[in-house]
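Residue numbers (my numbering), protein chains in the order written: chain A, 1 to 106; chain B, 107 to 224; chain C, 225 to 372.
Honestly, the hints are just simulated from the structure, not real lab data.
A quick note: this is a predicted structure, and the numbers were derived from the prediction, not measured.
Think of the CB as a built atom: it goes at the ideal place given N, C-alpha and C, for glycine as much as any other residue.
Please note that the accuracy of each hint is not assured.
Said to hold, decoys possible - Straight line, CA to CA, 25 Å or less: simulated BS3-like cross-link-like pairs of lysine-lysine:
no., chain 1, residue 1, chain 2, residue 2
1, C, Lys288, C, Lys298
2, C, Lys332, C, Lys300
3, B, Lys174, C, Lys300
4, B, Lys174, C, Lys332
As the list claims (entries may be wrong) - Here chain B is said to cover these stretches of chain A; the calculated rule only asks that three of the stretch's residues, wherever they fall, bring their Cβ under 8 Å from a Cβ of chain B:
no., segment
5, 56-67
6, 70-83
What the hints assert, rightly or not - A short, non-exhaustive set of chain B residues, derived as facing chain C with CB atoms under 8 Å:
no., residue
7, Ser132
8, Thr140
9, Leu178
10, Glu192
11, Gly194
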Amino acid sequence: MAVAPIGNHVTPPATGAGAPLPSLIPGMKALPSAADFGQMISDYMQQASDMQAQVGTEIERLATGESDNIQDVVLSAAQADLAVRMVIELRNRLMSTYQEVMRMQI
Amino acid sequence: MIGFPQHTELLTKLMEVSDIRHRVVSQNLANVNTPGYQRLKVNFEDELAKQILGGSEVELTREPEVVKDNSLPVRADGNNVDIDMEIGELQRNAVLYQTYAQLMATQFATMRMAIRTE
Amino acid sequence: MGLKRLLATSHISASGLAAERQRMEVIANNIANANSTNSLSGGPYRRQVMVFSEAFDMALAGGKYNANGLEGVKIKGVESDWSEMPRVYNPGHPDADESGMVTMPNVKLPNEMVDLITASRAYEANLKALHQFRQMTEQTLSLLRGIS
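Here chain A stands alone, though its shape is the one from the complex:
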């Protein structure tokens, strides 16, 4: 699911960076402001991917008996699922906004 960069590549200013973007869901770190929406999407996707990998670890922990409850893996999976869905939703919104902007008569 490759994402084309949206907008021009602008080097963010060295000082006085913009306000940090909110983290997608609790547990995900807030990202520093990115002028490049494409980069932002990539970063969020990487976070979602890391959360998916965490699910794999939790499944293994449950299967080998290292974990003695199912809450860890279920919560981890719910969060990861939510993260992926939000990234997809975010990307869709940005795409449609971009297309709308491009359609505007100047």
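Since the structure of chain A is already known, use the hints to place chains B and C on it.
Chains B and C alone, transformed into the frame defined by chain A:
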């Protein structure tokens, strides 16, 4: 694909092992009053743990082992099946199976959503 | 793969249910005849014991002792308990001999009750395994839900 759910193979294998374990426990319960019968158990999780600790890639093609369990005391009729222990195994296995199935369903749902968007 | 192999796990539990149920019949018969001094074969009733053996199909298992060949339990047969029949003093009994002793069946009610409870517990446990298998199958099938 970044962020794409990726644990369906592992979950499938775990569900398979749970299925085999249920069959083995059923056999133990059917033979709880059979003279001379030794209970059976399934070995898979310890092998999995060893592979993970060893740091190597988890090998999912390996088959679980069904072996006789001689560690339990034998009753007068030579049978060593403890009915309460087997029922406990049954419950625990059922919870694990349901968890794996639910996780699998979640992964499928996420994948379907990802495919559906343009 | 025939339908029978698809439901092999439930077949295991079903064999357990059938075996324990028949065993309970034998036990019930012992209890009913605890005082029968005239059995069909002549003489006092002799306690009957049902014997089980493990059911396993080596051909299905492919030569090794693994999960594919498990078939539950089968009834080996009903055997007589050849332990000694107690003799009690009861001169008024129609089957008393010259010294007033009657040979009674070798059925001990407490033992039969324990056997009955054991068989009953085993029956319940096999039933539980059967229900659980059905649940697991339903959960697996539910994965298909949502796929249009």
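Results of checking the hints against the structure:
1. Lys288(C) <-> Lys298(C): Holds, at roughly 20 Å.
2. Lys332(C) <-> Lys300(C): holds, 23 Å
3. Lys174(B) <-> Lys300(C): Roughly 22 Å separates the two Cα atoms, so the pair holds.
4. Lys174(B) <-> Lys332(C): violated, 35 Å
5. 56-67: Since three or more residues must qualify, the claim that chain B covers the segment 56-67 of chain A holds, with 8 doing so at under 8 Å.
6. 70-83: holds (count 8)
7. Ser132: Interface hint status for Ser132(B): holds (4 Å vs cutoff 8 Å).
8. Thr140: holds, 4 Å
9. Leu178: The hint is violated - Leu178(B) has no Cβ within 8 Å of chain C, the shortest such distance being about 16 Å.
10. Glu192: The hint holds - Glu192(B) has a Cβ within 8 Å of chain C, the shortest such distance being about 7 Å.
11. Gly194: violated, 11 Å
Hints 4, 9, 11 from the list above are not met by this structure, while the remaining hints are.
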